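4 protein chains.
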Amino acid sequence: MSSYGDKIKLTVFGESHGEGIGAVIDGVPAGYKIDMDKVLIQMARRAPGKDRTATTRVEKDFPNVKSGILNGVTTGAPICCIIENTNTKSGDYANLMDKPRPGHSDYTAYVKYGGHNDIRGGGHFSGRLTAPLVFVGAVLRQILEQKGIRIAAHISSIGAVEDTPFDPVNIDNQLIDELSASGFALIDKEKEAPMREIVESARMNLDSVGGTVECAVVGLPAGVGGPLFEGIEGAVAKAVFGIPAVKGIEFGKGFAATRMLGSENNDEFEYKDGRVVTKTNNSGGILGGISSGMPIIFRAAIKPTPSISKEQTTVNLQTGKTDTLVVKGRHDPCIVPRAVSVVEAVAAIAVFDLL
Amino acid sequence: MSSYGDKIKLTVFGESHGEGIGAVIDGVPAGYKIDMDKVLIQMARRAPGKDRTATTRVEKDFPNVKSGILNGVTTGAPICCIIENTNTKSGDYANLMDKPRPGHSDYTAYVKYGGHNDIRGGGHFSGRLTAPLVFVGAVLRQILEQKGIRIAAHISSIGAVEDTPFDPVNIDNQLIDELSASGFALIDKEKEAPMREIVESARMNLDSVGGTVECAVVGLPAGVGGPLFEGIEGAVAKAVFGIPAVKGIEFGKGFAATRMLGSENNDEFEYKDGRVVTKTNNSGGILGGISSGMPIIFRAAIKPTPSISKEQTTVNLQTGKTDTLVVKGRHDPCIVPRAVSVVEAVAAIAVFDLL
Amino acid sequence: MSSYGDKIKLTVFGESHGEGIGAVIDGVPAGYKIDMDKVLIQMARRAPGKDRTATTRVEKDFPNVKSGILNGVTTGAPICCIIENTNTKSGDYANLMDKPRPGHSDYTAYVKYGGHNDIRGGGHFSGRLTAPLVFVGAVLRQILEQKGIRIAAHISSIGAVEDTPFDPVNIDNQLIDELSASGFALIDKEKEAPMREIVESARMNLDSVGGTVECAVVGLPAGVGGPLFEGIEGAVAKAVFGIPAVKGIEFGKGFAATRMLGSENNDEFEYKDGRVVTKTNNSGGILGGISSGMPIIFRAAIKPTPSISKEQTTVNLQTGKTDTLVVKGRHDPCIVPRAVSVVEAVAAIAVFDLL
Amino acid sequence: MSSYGDKIKLTVFGESHGEGIGAVIDGVPAGYKIDMDKVLIQMARRAPGKDRTATTRVEKDFPNVKSGILNGVTTGAPICCIIENTNTKSGDYANLMDKPRPGHSDYTAYVKYGGHNDIRGGGHFSGRLTAPLVFVGAVLRQILEQKGIRIAAHISSIGAVEDTPFDPVNIDNQLIDELSASGFALIDKEKEAPMREIVESARMNLDSVGGTVECAVVGLPAGVGGPLFEGIEGAVAKAVFGIPAVKGIEFGKGFAATRMLGSENNDEFEYKDGRVVTKTNNSGGILGGISSGMPIIFRAAIKPTPSISKEQTTVNLQTGKTDTLVVKGRHDPCIVPRAVSVVEAVAAIAVFDLL
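Residue numbers (the numbering used here), protein chains in the order written: chain Y, 2 to 356; chain V, 2 to 356; chain G, 2 to 356; chain F, 2 to 356.
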């Protein structure tokens with residue numbers, strides 16, 4: 002299913018080179034103001050063609066809202082948004098049906114759908130489907146902000162170059178403002194040059210690179226989530242793995258915590274300004290699956306873009322023989338900068354569904 | 002919710018020191034033979050008290066099957082299993098209601114449930130609730146085996162000591178047999194001594210250690226799963242984060258892939274014995290959220306047990322002041338060895354629900 | 002699935018002659034007092050053996066609460082209740098596997114489960130499975146009452162004998178008290194004698210009779226439910242059809258409204274004591290799927306018990322030939338009086354899930 | 002929620018006078034041919050303006066398929082269909098926000114959405130939202146037909162004039178063909194004149210009339226559905242109550258069965274042409290919630306259209322006083338003929354979800 006949610010019901014639809022892509026979301030309450038300019042800012046952050054880390058395609062990702070918002074206010078009925086597809090060069094993808102691209106869904110989708118799926122541009126598996134996700138996230142985060150909950154993410158690494166991580170106990174509003182409007186979101190801006198260098202080097206070598214995105218949800222009150230399968234980690238992970246190319250997620254110290262002692266990893270409680278807080282936040286703001294009131298912090302691993310222009314070995318499903326393939330078309334050597342707004346969006350979706 | 006599943010509906014119930022714990026699972030088809038001895042082997046692997054890595058409590062985790070299995074065959078009706086609680090020392094937990102344990106759900110559950118949750122032994126948040134998960138997994142994996150799908154996991158690390166990882170393209174049945182019956186599951190058995198040493202050292206210091214569990218699902222045909230929120234990664238992650246103490250998950254190369262080039266990370270396809278396979282399996286057997294026919298491989302990060310006997314700082318919710326706490330009771334200095342069978346169980350649950 | 006609910010997750014389990022039957026319900030909030038004596042009153046209303054309208058079996062339907070309620074207060078964790086099976090005479094059902102009873106699930110369950118279902122006493126299809134439903138309803142209605150919502154039902158007809166219907170605009174608390182404690186719930190008690198006469202006559206003729214149950218939910222505030230598939234009618238219908246033997250449901254005037262003019266059927270609005278009310282309540286308290294604040298009124302059709310002692314024609318699945326059957330065992334000639342508490346219970350479940 | 006389904010996920014969106022209405026359906030398998038002309042026939046049956054039983058509005062209900070169908074074949078990705086709104090006269094509805102129409106959702110939606118819902122033309126509650134339902138049903142029934150399952154319905158009554166009911170044991174293909182293409186579907190065509198007379202009489206009196214629709218699903222194999230909340234009745238009822246104006250549903254003999262003896266109502270089994278069948282079909286093809294292989298038969302009660310031009314009493318939410326209202330605009334004096342295709346559509350949706 003391309004659907005998510007318990008309290009909300011979200012379905013993302015569309016194929017990369019079909020008539021349009023979009024999303025329908027049911028369960029958004031009535032009476033919330035939605036500033037469409039803020040939505041467009043988020044969509045612009047994800048859109049390709051801004052600079053040389055991204056593909057040169059120019060998508061016009063204008064979201065047509067068909068329902069659920071009237072005069073800038075949610076009506077309580079399902080919100081449907083459609084983005085028409087234009088500027089598609091389907092010819093580039095002609096031979097992919099026969100020769101599946103390594104690292105892509107071509108082969109597995111072929112098996113699942115018996116060859117009936119729309120292969121053009123990756124079809125329903127295209128990274129382009131993250132545009133409606135960003136639309137939905139941009140709507141929901143405005144509602145969350147009206148409840149005091151804010152979300153921001155940054156490029157925490159590209160290849161081996163790492164950005165400074167969030168201070169997990171104290172993330173101020175100015176940083177959130179900056180990051181959540183940036184097209185190349187970094188805490189330490191000096192890391193932009195070396196990161197771009199890695200990406201440019203990959204491009205020159207007809208190759209690609211991956212990276213990680215760190216995301217924080219600030220202002221979520223204590224007591225949200227629950228034990229076992231109701232936990233925040235599971236809900237957020239389910240949403241984040243909905244983004245193509247994500248292969249890992251960790252909360253708080255995550256994998257690093259496995260090498261710590263309990264006495265190092267446990268976050269001690271204390272009273273501060275009359276509120277219960279933890280001195281550290283190794284748990285990423287989640288204990289027993291439930292929010293502690295500290296920032297929710299997680300990190301997503303994004304694999305290097307599988308579409309590379311180097312020659313690769315693959316199978317020819319038509320001839321039944323091993324063959325070679327050179328992927329044509331315009332591809333991002335690194336999708337991590339664009340993925341930042343997508344990670345924020347699905348975090349908003351997951352948190353909204355939990356409330 | 003303590004519930005999981007789309008095609009199956011699983012609910013885990015019970016509190017650690019209440020009358021009993023158990024699980025109900027709806028949607029298991031009729032006519033499958035279930036060998037209860039095999040179920041008991043899995044439950045014994047999880048049970049505490051086997052050796053010094055675990056608590057000295059002796060739980061009698063005998064699963065009483067109340068419905069859904071008749072004469073060793075599934076009837077198609079919901080399966081309910083209950084494990085009666087015995088040998089509980091509730092007195093040890095008397096002051097936890099006032100002074101929440103760092104790293105535990107005590108505080109967050111207190112907020113969520115307004116103090117009405119059963120705090121004794123961790124209540125519904127206790128690691129003891131993984132016993133019914135192992136029961137359910139042990140039933141479902143027998144059905145999966147009848148479809149040619151096998152599951153095994155091992156301790157891939159405790160602290161900094163790492164076991165040899167699975168060969169991701171070729172996992173033979175003998176290894177699966179050995180691991181899935183072992184109480185201290187390792188590929189390289191020479192790692193047992195140094196791992197036990199780390200655990201024993203933590204115990205002597207009234208401390209605890211974490212680790213990772215690597216799990217493989219072998220024999221899943223290509224074409225299972227789907228795009229976006231239907232992906233295998235999201236389904237498995239949701240299930241695995243249902244295990245208390247899990248703080249991260251990665252598939253295939255996972256976080257390591259973020260430092261690789263696309264040309265290194267992409268798994269090239271080839272024909273082998275007439276079947277389409279990949280030469281490497283960095284994707285962990287999943288492309289576009291769909292199984293490729295290669296083994297599904299993932300790794301879960303398990304934080305050090307939060308229950309440690311060292312004095313820690315916490316808050317006293319009664320007095321409204323910062324205070325200290327020494328946690329009493331019997332606790333595992335390392336739950337990773339016992340967690341292996343739990344990870345296998347939730348993997349079985351997730352895969353069963355996907356089919 | 003034997004599962005129900007969006008906000009709550011209810012699963013009913015067990016087979017009539019297995020080890021036990023019961024229910025697990027997840028999603029019940031913490032902190033509500035549950036009076037177990039009130040629960041037992043509801044279960045006694047459903048239990049057989051009270052008088053000659055019912056079977057002579059004596060079931061000891063004592064509900065063992067295994068989790069989720071501590072010291073008479075909900076903990077927020079799933080509530081599991083088990084009723085052990087005793088006093089079962091399995092021998093009576095020996096030949097049903099070969100010769101399915103007309104009007105029963107024997108044949109259809111045989112097809113669905115390939116003969117692996119537990120046929121004894123109807124197995125998972127037994128009317129006995131309504132006992133855990135009554136338990137769950139009896140718990141949830143106590144929570145609803147703490148929110149000012151009350152539920153009552155009565156035998157609105159047995160055969161052609163009809164009870165006086167509810168006054169749909171004004172149902173007083175005294176009537177609700179009386180009905181919801183009665184074992185033969187009627188508004189006009191003079192109808193008891195002629196109704197019992199019909200039932201007794203059916204019994205003497207080795208036959209059975211059906212009837213209808215009318216149910217009212219009072220105190221539900223306006224604004225609950227929603228358009229299309231979110232409507233109250235759909236949610237209540239789904240729950241009520243979960244009761245074996247129900248073959249129809251209508252809200253407000255229901256089928257009779259189809260012969261009325263719009264000007265007769267429309268409920269005009271007016272202000273009364275400062276509140277918006279309707280002068281009539283032909284809609285059964287539901288407009289556009291949403292509660293109007295007036296009582297919710299619905300009527301369920303219960304078919305005559307299919308288990309009759311008259312000789313009937315059926316097939317012999319063993320011989321592949323048409324054959325005859327005389328059903329043995331103890332059976333209710335009319336289940337309508339006992340069904341009243343079950344209808345109230347599922348109404349409570351549906352309303353609780355809507356809130 | 003405006004969403005339905007377990008195996009499929011359907012969301013209907015849009016407001017009557019907004020930009021567009023439509024539906025998204027996830028979970029439709031790949032590789033099924035869809036004949037769009039057949040879809041348009043079904044949509045034409047529902048469309049208004051055909052004759053004097055319907056409103057004089059001319060809607061151009063052309064369904065734009067945005068995704069999920071490529072070259073007339075399902076791709077396996079979600080299908081999104083949009084119908085643009087044109088020819089809307091919003092001015093007619095200006096005062097409804099203040100003075101809710103009796104029998105309509107105006108008041109209850111006002112309470113639920115705090116006045117933020119789109120009131121124009123009924124908004125998301127408009128009967129116009131059944132157009133996308135018919136689209137979805139028309140797609141799914143083509144897939145069902147490829148599995149041998151056919152659906153047809155007819156006007157079983159308007160006011161007191163009744164059509165001949167289906168022969169429940171034998172419904173031939175020719176009748177199904179005729180009914181499922183008809184704009185005024187009747188088994189006994191002589192009933193058309195008296196039915197139209199009733200409708201015309203209501204129109205002349207500025208009033209409206211209701212009626213019933215009987216629907217049959219033929220070819221569903223035995224063994225579909227399940228006990229308790231998995232039953233066919235509950236699934237179909239949930240879908241059918243998704244149609245605005247439906248206030249009751251009954252399966253097989255339904256309410257009439259409550260006045261029958263068990264020996265009359267039970268359907269005896271026999272072998273016929275080597276297959277197990279029932280001699281009668283009072284159960285409507287469902288025993289224990291599971292299909293028996295006989296036709297599924299149900300009847301839906303449709304209340305008289307609440308929009309009538311007679312003066313009615315209502316409240317003025319602005320002044321807080323009781324007031325009068327004359328509803329303007331173009332309204333159907335009877336929606337039953339148009340509802341036939343909608344009932345067929347939701348039956349297709351429910352059955353598809355069950356398989």
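Misleading hints may appear alongside valid ones.
Since copy identity is lost for identical chains, a pair holds within one copy or between any two.
[What the hints assert, rightly or not] Straight-line C-alpha distance at most 20 Å; calculated EDC-like pairs for lysine to aspartate or glutamate:
id	residue 1	residue 2
1	K311	E201
2	K190	E179
3	K280	D99
4	K311	D173
5	K329	E201
6	K8	D354
7	K39	E269
8	K34	E20
9	K8	E20
10	K39	D189
11	K34	E146
12	K192	D324
13	K311	E271
These are computed hints drawn from the structure, not numbers from a lab.
All values reported here derive from a predicted model rather than from experimental measurement.
Index of numbered hints that the structure contradicts, given in increasing order: 4, 7, 9, 10 and 12
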